[in-house]
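Colleague: Take a look at the letters that make up each chain.
Number of protein chains: 2
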Amino acid sequence: MAEPRTLEALETPCLALDRGRVAANAARVARHLDALGVPLRLHVKTAKSPDVTALVLGGVKAPITVSTLREAEAFFDAGYRDILYAVGIDAHKLPRAQALLARGARLMLLLDGLPAARALAEYCRRTKVAFRVLIEVDTDGHRAGLASTDPQLPVIARTLQEAGCTVEGVLTHAGSSYQCGDADCLESVAARERDGALAAARALRAAGFSAPVVSIGSTPTALAARRLDGVTEVRAGVYVFFDLVMAGVGVCRIEDIALSVLATVIGAQPERGWTLIDAGWMALSRDRGTARQRLDQGYGVVCDLDGRPIGDLVVTETNQEHGIVARRGGGAAVPLPLGTRVRILPNHACATGAQHARYYVVDGDRTVQGCWERFAGW
Amino acid sequence: MAEPRTLEALETPCLALDRGRVAANAARVARHLDALGVPLRLHVKTAKSPDVTALVLGGVKAPITVSTLREAEAFFDAGYRDILYAVGIDAHKLPRAQALLARGARLMLLLDGLPAARALAEYCRRTKVAFRVLIEVDTDGHRAGLASTDPQLPVIARTLQEAGCTVEGVLTHAGSSYQCGDADCLESVAARERDGALAAARALRAAGFSAPVVSIGSTPTALAARRLDGVTEVRAGVYVFFDLVMAGVGVCRIEDIALSVLATVIGAQPERGWTLIDAGWMALSRDRGTARQRLDQGYGVVCDLDGRPIGDLVVTETNQEHGIVARRGGGAAVPLPLGTRVRILPNHACATGAQHARYYVVDGDRTVQGCWERFAGW
Numbered sequence: 007m008a009e010p011r012t013l014e015a016l017e018t019p020c021l022a023l024d025r026g027r028v029a030a031n032a033a034r035v036a037r038h039l040d041a042l043g044v045p046l047r048l049h050v051k052t053a054k055s056p057d058v059t060a061l062v063l064g065g066v067k068a069p070i071t072v073s074t075l076r077e078a079e080a081f082f083d084a085g086y087r088d089i090l091y092a093v094g095i096d097a098h099k100l101p102r103a104q105a106l107l108a109r110g111a112r113l114m115l116l117l118d119g120l121p122a123a124r125a126l127a128e129y130c131r132r133t134k135v136a137f138r139v140l141i142e143v144d145t146d147g148h149r150a151g152l153a154s155t156d157p158q159l160p161v162i163a164r165t166l167q168e169a170g171c172t173v174e175g176v177l178t179h180a181g182s183s184y185q186c187g188d189a190d191c192l193e194s195v196a197a198r199e200r201d202g203a204l205a206a207a208r209a210l211r212a213a214g215f216s217a218p219v220v221s222i223g224s225t226p227t228a229l230a231a232r233r234l235d236g237v238t239e240v241r242a243g244v245y246v247f248f249d250l251v252m253a254g255v256g257v258c259r260i261e262d263i264a265l266s267v268l269a270t271v272i273g274a275q276p277e278r279g280w281t282l283i284d285a286g287w288m289a290l291s292r293d294r295g296t297a298r299q300r301l302d303q304g305y306g307v308v309c310d311l312d313g314r315p316i317g318d319l320v321v322t323e324t325n326q327e328h329g330i331v332a333r334r335g336g337g338a339a340v341p342l343p344l345g346t347r348v349r350i351l352p353n354h355a356c357a358t359g360a361q362h363a364r365y366y367v368v369d370g371d372r373t374v375q376g377c378w379e380r381f382a383g384w
Numbered sequence: 007m008a009e010p011r012t013l014e015a016l017e018t019p020c021l022a023l024d025r026g027r028v029a030a031n032a033a034r035v036a037r038h039l040d041a042l043g044v045p046l047r048l049h050v051k052t053a054k055s056p057d058v059t060a061l062v063l064g065g066v067k068a069p070i071t072v073s074t075l076r077e078a079e080a081f082f083d084a085g086y087r088d089i090l091y092a093v094g095i096d097a098h099k100l101p102r103a104q105a106l107l108a109r110g111a112r113l114m115l116l117l118d119g120l121p122a123a124r125a126l127a128e129y130c131r132r133t134k135v136a137f138r139v140l141i142e143v144d145t146d147g148h149r150a151g152l153a154s155t156d157p158q159l160p161v162i163a164r165t166l167q168e169a170g171c172t173v174e175g176v177l178t179h180a181g182s183s184y185q186c187g188d189a190d191c192l193e194s195v196a197a198r199e200r201d202g203a204l205a206a207a208r209a210l211r212a213a214g215f216s217a218p219v220v221s222i223g224s225t226p227t228a229l230a231a232r233r234l235d236g237v238t239e240v241r242a243g244v245y246v247f248f249d250l251v252m253a254g255v256g257v258c259r260i261e262d263i264a265l266s267v268l269a270t271v272i273g274a275q276p277e278r279g280w281t282l283i284d285a286g287w288m289a290l291s292r293d294r295g296t297a298r299q300r301l302d303q304g305y306g307v308v309c310d311l312d313g314r315p316i317g318d319l320v321v322t323e324t325n326q327e328h329g330i331v332a333r334r335g336g337g338a339a340v341p342l343p344l345g346t347r348v349r350i351l352p353n354h355a356c357a358t359g360a361q362h363a364r365y366y367v368v369d370g371d372r373t374v375q376g377c378w379e380r381f382a383g384w
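Order-wise, the sequence lines are chains A and B.
For the first sequence, counting from 1, position 221 maps to 227 in the numbering used here; every step adds exactly one.
For the second sequence, counting from 1, position 174 maps to 180 in the numbering used here; every step adds exactly one.
Everything labelled a hint here was simulated from the structure, so no lab data went into it.
Idealized CB from N, CA, C, for every residue including glycine.
Please note that the accuracy of each hint is not assured.
[As the list claims (entries may be wrong)] Keeping only pairs whose Cα atoms sit at most 25 Å apart, straight-line, the calculated DMTMM-like set for lysine to aspartate or glutamate is:
(1) B/K99 with B/D83
(2) B/K134 with A/E17
(3) B/K99 with A/E14
(4) B/K99 with A/E379
(5) B/K99 with A/D310
(6) A/K134 with A/E79
(7) B/K99 with A/E323
(8) B/K99 with A/E17
(9) B/K67 with B/E261
(10) B/K99 with A/D312
(11) B/K99 with A/D371
(12) A/K134 with B/E17
(13) B/K67 with B/D88
[To be verified] To be clear about the criterion: a stretch of chain B counts as covered by chain A if any three or more of its residues have a C-beta under 8 Å from a C-beta of chain A, and this derived list gives those stretches:
(14) 90 to 97
(15) 228 to 239
[To be verified] What follows is a list of derived Cβ distance ranges for each label pair:
(16) B/T155 with A/R259: 44 to 50 Å
(17) B/T133 with A/Q104: 53 to 59 Å
(18) A/R364 with B/P121: 27 to 33 Å
(19) A/E14 with B/G317: 53 to 59 Å
Please construct the entire structure, taking both the sequences and the accompanying hints into account.
Modeller: Printed below as a string of structure tokens:
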């Protein structure tokens with residue numbers, strides 16, 4: 007039998023994923039939502055990997071959320087049927103959505119206003135296909151959606167209904183929760199997210215539409231919610247890995263972060279207190295999400311091979327294939343000789359994951375248990 | 007014969023690449039270096055595409071620079087033989103480099119100090135392989151390399167020579183040129199880059215090493231250099247596409263930028279003056295290189311399908327698959343109805359390109375002439 011591979015034997019840079027941490031993060035959110043009595047609709051855009059999703063959902067082909075049709079197709083092929091495409095869709099993408107319906111997907115689309123509803127209705131009339139649709143509601147002014155009081159809500163629903171489509175309900179995403187730094191902020195954003203979605207659903211129901219679905223969520227608000235009466239599903243994704251931004255928001259600990267970039271020390275500038283690693287922005291991504299937080303983590307926190315942070319070391323700067331490791335705030339040289347292997351915790355797991363084609367799976371130690379593919383593209 | 011495809015018919019988001027602009031950018035740098043009498047060693051990390059490189063080099067398999075062994079292997083397979091791997095290499099990657107030598111590559115490695123030289127020498131003694139090596143010199147304090155006056159330079163050369171390796175010379179990269187905003191800064195960084203590299207080469211030669219190669223370059227310094235006597239090759243890469251950062255540095259015009267992300271309007275928030283497009287950071291990258299420049303271009307400049315900027319529209323914010331288009335500095339709603347197609351010029355072509363698997367090739371108009379693959383990974 008071959009010697010089991012270890013993190014010391016992998017070519018760098020690459021992703022190391024701790025499956026025990028993924029499982030613990032999944033269990034925590036599942037417990038929380040169970041207690042609130044609301045089912046999860048996992049967002050699979052973070053991992054883009056049926057293997058990771060199977061671990062998170064315990065093998066159940068539960069409802070999922072996707073950010074691209076490529077995800078919808080890949081997860082349909084992996085056995086998932088109840089799929090919400092949670093990005094507004096242009097008419098040129100509807101034939102692909104239609105093909106998924108024809109194959110048996112329970113696909114739900116999203117739109118953010120009357121022009122989008124009219125375009126979808128026109129397509130449905132022409133092709134005789136009937137989509138299930140959620141209307142996007144804006145509850146924190148950070149992206150798309152209508153105000154929950156917008157008088158167009160029932161007009162949109164009627165436009166779609168007349169074209170044979172079904173308005174299943176409303177969706178909102180309080181993305182501004184990523185800018186929180188304490189529990190008060192999180193609770194208030196979570197309450198606004200819930201209340202706004204419920205108000206929009208009430209407006210649709212008052213106009214005679216059943217609108218059974220009230221879909222809310224983001225990782226921070228999912229975890230901060232104290233009660234979700236009336237909400238029918240919660241979407242969250244990044245919690246499966248967590249990351250430094252989420253730690254800065256206050257919804258996880260550094261020790262919960264399951265994803266890291268394995269890298270090797272390739273040089274040094276001792277007088278500057280710099281060590282160079284072979285993970286630059288190509289491996290780490292250009293995401294600087296912690297730059298706006300209380301604790302700026304540079305391009306990531308430097309850990310040893312067992313995943314423990316090394317003193318106050320962060321990646322302070324990156325080129326395409328070089329990362330510069332230094333002490334947070336500067337100071338003495340870094341004790342990492344040439345050839346040392348490190349693991350870098352990412353600012354934003356979605357962005358860092360997207361730079362790679364696979365995960366090397368570990369479980370609390372350095373033994374590589376397997377390799378899980380992830381896909382990319384649209 | 008099938009109707010030629012146009013940019014209106016592509017699924018978005020995707021990359022649109024103007025081959026005429028690539029050819030013009032390539033010709034400009036070739037003319038400049040010809041006048042200075044120094045050959046180009048093209049950096050292929052920007053495009054990661056033998057098709058693009060063939061266009062830039064006119065089909066000649068000229069010397070190239072790579073940032074990963076994956077690039078070295080892919081370009082070797084495409085017929086390139088003279089390959090410089092311009093990132094410090096850890097011992098665990100040497101077997102792959104050795105395999106390229108064995109296949110006939112004229113591969114050159116880079117190292118930045120005595121520890122790296124000792125590690126390489128140890129490998130070469132053990133495996134009886136002889137690498138050609140450049141020593142990295144730091145001429146602007148921005149990344150790796152020894153000072154050009156460092157007394158270790160000949161010690162490193164001796165260490166390598168005793169292990170059977172050849173020290174071909176020195177390499178420097180004045181990456182700080184990216185922070186310039188005027189011609190004076192560029193000329194001064196370019197002069198320091200050249201003078202530092204020449205000084206290091208002289209130090210090696212004074213110690214008895216022939217060190218024939220003096221390799222310098224970055225796109226800004228390559229274009230700013232007034233004379234390069236003694237320099238034997240110039241490396242540059244991003245100029246093949248150019249980008250908004252390079253425009254901000256002052257080495258290209260907006261009209262020279264060959265790469266854009268094709269996107270579709272998927273929604274709006276008229277009261278906020280926002281239009282939503284289906285290109286978020288996944289399609290554009292998280293690069294915010296213009297944030298530090300005089301003119302912050304957000305996540306990119308919004309152009310029409312013919313590649314002309316639309317008023318003062320930029321992508322002001324991104325989520326994973328959403329981009330928010332607004333006027334620079336805020337203001338009235340944007341005249342882009344649902345379904346409108348736009349092209350976004352990138353901050354940093356290397357980073358934006360890396361988010362995609364292919365280029366759709368146009369030439370001054372909307373007709374798609376072909377599709378060129380690009381590769382990823384290490």
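Colleague: Please go over all the hints and tell whether each is borne out by the structure.
Modeller: So, going through the hints one by one against the coordinates:
The suggested pairing of B/K99 with B/D83 holds, with an alpha-carbon distance near 18 Å, which does not exceed 25 Å. Proposed proximity of B/K134 and A/E17 is supported: the alpha carbons are some 22 Å apart, at most 25 Å. Simply put, B/K99 and A/E14 have alpha-carbon atoms about 13 Å apart, close enough for the 25 Å limit, and the pair holds. Annotation: proposed proximity of B/K99 to A/E379 holds, straight-line Cα distance about 22 Å (limit 25 Å).
Between the alpha carbons of B/K99 and A/D310 the distance comes to roughly 20 Å, so the proposed pair stays at or under 25 Å and holds. Restraint check: the Cα-Cα separation between A/K134 and A/E79 comes to about 22 Å, which is no more than 25 Å; the hinted pair holds. Restraint check for B/K99 and A/E323: satisfied, since their Cα atoms lie roughly 23 Å apart, inside the 25 Å limit. The hinted pair formed by B/K99 and A/E17 meets the criterion: a straight-line CA distance of about 7 Å does not exceed 25 Å.
Taking the CA atoms of B/K67 and B/E261, the gap is near 29 Å; set against the 25 Å cutoff, the hint is violated. Distance check on the hinted pair: B/K99 and A/D312 sit about 22 Å apart at the alpha-carbon level, within 25 Å; holds. Taken as a hint, the B/K99 and A/D371 pair is honoured in the structure, with Cα atoms around 23 Å apart against an allowance of 25 Å. Annotation: proposed proximity of A/K134 to B/E17 holds, straight-line Cα distance about 22 Å (limit 25 Å).
Distance hint between B/K67 and B/D88 is fulfilled; the C-alpha atoms sit about 8 Å from each other, no more than 25 Å. For the stretch 90 to 97 of chain B, the stated coverage by chain A holds: 5 residues have a C-beta nearer than 8 Å to a C-beta of that chain, and at least 3 were required. Look at the stretch 228 to 239 of chain B against chain A: 0 of its residues bring a Cβ nearer than 8 Å to a Cβ of that chain, fewer than three, so the hint is violated. Between B/T155 and A/R259, the C-beta spacing of about 47 Å keeps the proposed range 44 to 50 Å intact.
The hinted range of 53 to 59 Å is satisfied by B/T133 and A/Q104, whose Cβ atoms lie roughly 58 Å apart. Evaluation of the 27 to 33 Å hint for A/R364 and B/P121 yields a pass: the beta carbon distance comes to about 31 Å. For the hinted restraint 53 to 59 Å between A/E14 and B/G317, the CB-CB distance of approximately 55 Å keeps it satisfied.
The structure does not agree with the numbered hints 9 and 15 stated previously, though it agrees with the rest.
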